[in-house]
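*Asks:* Once you've looked at the hints, dock chain B against the given chain A.
Going line by line, the protein sequences match chains A and B. If you count by our numbering, then the first sequence holds residues 1 to 686, one letter each, in order. If you count by our numbering, then the second sequence holds residues 1 to 223, one letter each, in order.
Source of the hints: derived by calculation from the structure; they are not laboratory data. Errors might be hidden in some of the hints.
Simulated restraints on C-beta separations [to be verified]:
hint	chain 1	residue 1	chain 2	residue 2	range
1	A	Glu644	B	Ala177	42 to 48 Å
2	B	Ala177	A	Asn528	44 to 50 Å
3	B	Gly36	A	Pro652	38 to 44 Å
4	B	Asp80	A	Glu680	38 to 44 Å
5	A	Asp365	B	Ala183	35 to 41 Å
6	A	Lys675	B	Asp11	36 to 42 Å
7	A	Lys43	B	Ala183	46 to 52 Å
8	A	Pro449	B	Ala183	29 to 35 Å
9	A	Pro526	B	Ala183	25 to 31 Å
10	B	Asp80	A	Glu404	42 to 48 Å
From the three backbone atoms N, C-alpha and C, an ideal C-beta is built for every residue, glycine too.
Residues per chain are reported as follows:
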Amino acid sequence: MDDNIAKIIFQPSGRRGEVPKDISIIEASRLLGADIEALCGEKKVCGKCKVRIEEGFFEKYGIDSKLSHVSGWQEEEEKFINTQDREAGYRLGCVAKVLGDLLVFVPEESRAGKQVVSKAARDILIEHNPAVKLFYVEVSKPTIEEPTGDFERICAALEKEHGLKDLKIDISTLRRLPTVLRQGGWKVTLSVWLDQEVIRVRPGKIEASYGLAVDIGTTTVAAYFCNLATMEVLDTVSMMNPQCKYGEDVMSRITYHMMNEGGLKKMSDDIVEALNTLIDQALSATYPPKKKVKKQKGEQGPDEWIEVPEEGKTYLRLTREDIEDITIGCNTAMHHILLQLDPEHVGMAPFPPVIHHSLDIKARDLGININPSSYVFVLPNEAGFVGADNVGVLIAEEPYNKDEIQLIIDIGTNGELVLGNKKKLISSSCATGPALEGAQLTYGMRAAPGAMERIRIDPETHDVDYKVIGRDAWRQFSEPKEMKAKGICGSGILDLLAELYKAGIVNKSGAFNKDGQKSNRFRKNPDNRQYEFVLAWAEETSIGKDIVVTQKDVRQIQLAKGALYAGCKLMVQRMGIEKVDKVKIAGAFGTHVDREKALIMGLFPDCDLEKIVSVGNAAGDGCRAALLNRDKRAEANWVSRNVEYIELTVEPNFQQEFMGAMHLPHMTDAFPHLKGLVPEEILNQK
Amino acid sequence: MDVTRKKEILDKLAEAVVEFEEEQAREWSQIALDEGMDAFEAIMQGLAAGMETVGDLYDQQEYFVPELLMSADALYAGLDILKPHIRAEDQKNMGQVVIGTVQGDVHDIGKNIIKLMFEVGGFEVHDLGRDVPLEKFVEEQMKTDSEIVAMSAMMTTTMTGMKKVIEMIKEKNPDVAIMLGGAPVTRDVADLFGADGYAESAGNAVQEAIKMISNLRKLQEKA
Numbered sequence: 001m002d003d004n005i006a007k008i009i010f011q012p013s014g015r016r017g018e019v020p021k022d023i024s025i026i027e028a029s030r031l032l033g034a035d036i037e038a039l040c041g042e043k044k045v046c047g048k049c050k051v052r053i054e055e056g057f058f059e060k061y062g063i064d065s066k067l068s069h070v071s072g073w074q075e076e077e078e079k080f081i082n083t084q085d086r087e088a089g090y091r092l093g094c095v096a097k098v099l100g101d102l103l104v105f106v107p108e109e110s111r112a113g114k115q116v117v118s119k120a121a122r123d124i125l126i127e128h129n130p131a132v133k134l135f136y137v138e139v140s141k142p143t144i145e146e147p148t149g150d151f152e153r154i155c156a157a158l159e160k161e162h163g164l165k166d167l168k169i170d171i172s173t174l175r176r177l178p179t180v181l182r183q184g185g186w187k188v189t190l191s192v193w194l195d196q197e198v199i200r201v202r203p204g205k206i207e208a209s210y211g212l213a214v215d216i217g218t219t220t221v222a223a224y225f226c227n228l229a230t231m232e233v234l235d236t237v238s239m240m241n242p243q244c245k246y247g248e249d250v251m252s253r254i255t256y257h258m259m260n261e262g263g264l265k266k267m268s269d270d271i272v273e274a275l276n277t278l279i280d281q282a283l284s285a286t287y288p289p290k291k292k293v294k295k296q297k298g299e300q301g302p303d304e305w306i307e308v309p310e311e312g313k314t315y316l317r318l319t320r321e322d323i324e325d326i327t328i329g330c331n332t333a334m335h336h337i338l339l340q341l342d343p344e345h346v347g348m349a350p351f352p353p354v355i356h357h358s359l360d361i362k363a364r365d366l367g368i369n370i371n372p373s374s375y376v377f378v379l380p381n382e383a384g385f386v387g388a389d390n391v392g393v394l395i396a397e398e399p400y401n402k403d404e405i406q407l408i409i410d411i412g413t414n415g416e417l418v419l420g421n422k423k424k425l426i427s428s429s430c431a432t433g434p435a436l437e438g439a440q441l442t443y444g445m446r447a448a449p450g451a452m453e454r455i456r457i458d459p460e461t462h463d464v465d466y467k468v469i470g471r472d473a474w475r476q477f478s479e480p481k482e483m484k485a486k487g488i489c490g491s492g493i494l495d496l497l498a499e500l501y502k503a504g505i506v507n508k509s510g511a512f513n514k515d516g517q518k519s520n521r522f523r524k525n526p527d528n529r530q531y532e533f534v535l536a537w538a539e540e541t542s543i544g545k546d547i548v549v550t551q552k553d554v555r556q557i558q559l560a561k562g563a564l565y566a567g568c569k570l571m572v573q574r575m576g577i578e579k580v581d582k583v584k585i586a587g588a589f590g591t592h593v594d595r596e597k598a599l600i601m602g603l604f605p606d607c608d609l610e611k612i613v614s615v616g617n618a619a620g621d622g623c624r625a626a627l628l629n630r631d632k633r634a635e636a637n638w639v640s641r642n643v644e645y646i647e648l649t650v651e652p653n654f655q656q657e658f659m660g661a662m663h664l665p666h667m668t669d670a671f672p673h674l675k676g677l678v679p680e681e682i683l684n685q686k
Numbered sequence: 001m002d003v004t005r006k007k008e009i010l011d012k013l014a015e016a017v018v019e020f021e022e023e024q025a026r027e028w029s030q031i032a033l034d035e036g037m038d039a040f041e042a043i044m045q046g047l048a049a050g051m052e053t054v055g056d057l058y059d060q061q062e063y064f065v066p067e068l069l070m071s072a073d074a075l076y077a078g079l080d081i082l083k084p085h086i087r088a089e090d091q092k093n094m095g096q097v098v099i100g101t102v103q104g105d106v107h108d109i110g111k112n113i114i115k116l117m118f119e120v121g122g123f124e125v126h127d128l129g130r131d132v133p134l135e136k137f138v139e140e141q142m143k144t145d146s147e148i149v150a151m152s153a154m155m156t157t158t159m160t161g162m163k164k165v166i167e168m169i170k171e172k173n174p175d176v177a178i179m180l181g182g183a184p185v186t187r188d189v190a191d192l193f194g195a196d197g198y199a200e201s202a203g204n205a206v207q208e209a210i211k212m213i214s215n216l217r218k219l220q221e222k223a
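If we strip away everything but chain A, and leave its shape as in the complex, we get:
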């Protein structure tokens, strides 16, 4: 065991690994992707990075964690950690340095949201049973007495040693068989799909096989590069969905197809190209980085590159053929566009898809560059816009195996809701997306560097503090021109409405409180005569203008949250239940959402804060589960037909509920759990 390395595991995220000794716990958390809050940029003045060092031997991880494995107590920590907590093992992450193996617990208040694309894979329990498995056989050479053909020869061995019967073989693999068999000296490893079809043959004994789980979102595509044998996620790659140029939301893309000859094929080709780019991206990361060779003076000829491998890192050097299985999950519209199925009818009431059931399609038929014989498994659709991505969420969260009643809210560009437990499940979709992702807001933007992702408003002074993506330190700990803010993204928008309401800047109907203003941030824009509130002054921005939120912006957010709340409430009423045991927020949003703010603005019906859980990109996790466990595929099909879909807009009370839900947190519904979180006079205003 290297003396300069220590093993760390962060709870509850589960992120673990080896880090060099003598770095601070915050630096260690960055290396392993555990994200601890660093508001003041590690200047030791904010106290927000409190962590707890656990003492004990943790067999499961092979870690003997001790308080003495971190550096000594510093006086800066006195201000933030009292004697009691100190004894319990609390330290400041920016002060305490790693000296030995550690198990570090990161309390809720110290957890920071993930940057930019938060479609990271979660540590969920998946049973190991991939669709593609490797089988090694040794066969005897053909002889005069026994001249059986190559394929039948290996089939006999596969049956005898592994019990596989009635195997087929893909033509592309068959063509390689005779050469590979002889190359391997009659000892080969076969990749077999679902115990039915041979899709790859390689000489010798090979134990590694790889696959890709892809989540095609309307806005972002994320792929999880996995080792099928060990279930390890090697890499997560993502990119913007190139179809965005045809429209931000699914409807505009469907319309593009309806109004443009060849539009469907164009959009489909675009996404396939994106998938191939992601595949190549993941593959090139398995090679060392390259450097250009410096030319001698006057030397002619093409550029030469040499590899510069990082010390101690193993490079797998994989190729396209090494990816032997792919699963894809996406909403119904994305599904149809990818497969070039006419999406026109899915775009109009009653929104029937062309197919519900899952599909197994040869990757080469779709133009996807992986092992030529391999299949693509496309998860099944539920109903209407509640598509394969929602099925992914369900097989990851498994509400049908639980007694507790769960409400799962998947907020992406569309919002899908699922409610129920093992007795019954219902689902619906509401168009929440665009506003909550910044699309229709004056200074709304996608999550990218410069986007205000967290906002706090002081209730006394109405001063605004915020954090932008790409910079750890908040505004109050920075010089104005260091902020370089560009706009507001999703999580900032969710913070915003709650903060405006809590501080009394807007009243419960969402209108600016003309009388209650305490700062010069509230003003009437002379050009459009609309009221607005300044979030960032021009000097704090990279665009040279004040970043404001207008009355119209507030209305847009209200519409979105009203739809979501109404959807949740109608579903709860439909089920005939009183309350929900757990609220799970999924989607890229889920990782960012501050549950207190979500409750304050009334994103969903009142409930105990402790019951609200973020489940990250559950749709992607579901895709991964289907990749690594073939049983999840049948489960996906079962789930998709056993969830009852409710069309919200035709529910008789929809208009009524939608209307009431636009107020903050609601026009009439009580929010007892907000007591203490929102000042009395604001919560009880008429």
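*Replies:* Chain B alone, transformed into the frame defined by chain A:
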């Protein structure tokens, strides 16, 4: 009736709409009738005047969709009481309107608000509801001989149906005025489809319709 008393009743009616007080709307509508006020006048100078104020507040974004709908509820509460008492000669039937949300679309909040405006304005409205098959618009227009056909769509995918309806109607009856509305509809789209008028959103439609009503009120005042 005493001029001060008349003003008081009209103010109370307008206030009921602006404050979305259904009970107050009902109460004062009944008072108006009991004290011999002309029903049509009570509607136009009281309830509808309140709706005009609501429209302004919406324009300034102080009122939003929920407030609009609640004001409409109050308006309807008053109308229920006053409408049956409108004198025959005041029933200047402004015309017939066929309205509906196009095939494939089920959003109708905006459409319902506009329907209300037309009714208050003295039009006879034939509401076809939502997800209305395209041919039905044509059939209903021919059946009622309506001067106006108003169509609404909230999705770009269903908006395209409007073009077909306009073609079908204009072919049979080029004098029908066709109005389009709904979030994805823009003036350019309306022009492209061959429509005669358009409203950008429920709020705008209210503005357009309210302008219509306010013109009517001025006409009625002069009369």
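*Asks:* Of the numbered hints stated previously, which ones are contradicted by the structure, given in increasing order?
*Replies:* 2
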